[in-house]
Amino acid sequence: MQQQQQQLRVNNLSLERSGRQILSDINFALKEGEALLLRGDNGVGKTSLLMSIAGYLHINSGEIEWEIKRDTKREEGEEWGEEEENLLIKNLHFIGHQQAIKPHLTLEENLLFWCQLYGGEEKWVQEALIRVGLANAISYQAALLSAGQSKRLSLARLLVANRPIWLLDEPSSALDKNGDKLVADLIDEHLDGGGIAIIATHLNIELKNKKRIKTLMLKAI
Amino acid sequence: MRVFLAIIKRDIKLAAHSIGDMLTLILFFIMVGVLVPIAIGPDKEFLANIAPGIMWIAAFLSSLLALDRIFRPDHEDGSLLAMRHSAISFELIIFAKLIAHWISAILPLILATPMMALMLNMDMRNFINSVISLIVGTPALIAFGAVGAAITVSLKRGGLIAPVLILPLSLPILIFGVSSIKINVGAGTQEAALLILAAISLIAVSLTPFATALALRLTQE
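Protein chains in written order, with this note's numbering: chain R, -4 to 216; chain F, 130 to 350.
If you're looking for bench data, these hints aren't it; they were derived computationally from the structure. Careful, some of the hints might be misleading.
Chain R side only, calculated, beta carbon under 10 Å to chain F, not exhaustive [stated by the list, open to error]:
#1 TYR51
#2 ASN86
#3 GLN94
#4 LYS97
#5 PRO98
#6 HIS99
#7 CYS110
Virtual Cβ for every residue (Gly too), placed ideally from N, Cα, C.
Chain R extracted, bound-state conformation (with noise of 0.2 Å):
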């Protein structure tokens, strides 16, 4: 197991898109175990920060720092270098709007195939689609998944591999009542292990601790 101490800081953030001023002066920092909610009306940009941490946009000024200080063993057989590793893209996860499910393959192909490219145990699928509320149909084609299902799919993508960081967009759309308190409970264990979380929701997220829960209202420019 690996002692680790980490932040994610985002300083004087501005993004234009298509020549339009999105975000301007965006200033947070979140230590392990804390998350970020982004609340704001439609078209304020909750999407588009998230995206920028990301790493798919390009912002226009600004800095996105993650620290991270470990006291770690290196396993064996790892197969990138130490810089690699350590970037903020190898080190999250996004879960947006556009699913990533291809419809052709069984729920498990699919969940296997994000295990392997994000470097996870190929055991965790099975576990990650139990818990999500999938176990009965880890053997159907994704097509035959309604919405809230395939949403529950996506999620099961956060448990298939370690990363320090989640962002993510609407977590609970499409969702019933019992997949609300999934994300609930999932955000909070991922905070109990030292993760960090930035969510953008409308709706209300009931986790235990409020005390490390921030709010950060975006605003129409």
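Knowing the structure of chain R, use the given hints to seat chain F on it.
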């Protein structure tokens, strides 16, 4: 390496599920071979002479047809974005996808060449040469095609733009591809053409994953 193979396996599996696409490709390839003899008349000698050119044109056009399948499905369901967080580098992922695409879109064409050879009145030596030439040259076609496909992936109807973009890049492949089949030219010309074709392929395959990754990072913003 395990991750690399997982990507190839997944892409081939997905291609196998849309067997209709693969058949269309093969039929199109053979169709060119059927049309040309009908169009130019029953001169067997002449036909055998231009057969190498027809073979390459057919392969070239069919590979253009398949271009859109390299990235578009993964772009549309968000898989391509999610792949950026993979444990291996994005360039390597693209390299794996190119190999999978070659196996699922070009290999079937090469397997269909005996039918082409029959219709174009090729002799045995010409036929073997053309198979070798296609095997050596098509990786370059795919590699250049991938750059075009990456640039146009976010356009709704990019289907026809990519071929036009990569046309100039593909001309050397056609020129050396055809001259590496013809046996009744000067001594050593055919071998030299094959070597140059191999060189083009190696350079293209080793460099274009970087260009493709860059293009995808930019177009997906």
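Out of the numbered hints, which ones does the structure contradict? Violated: none.
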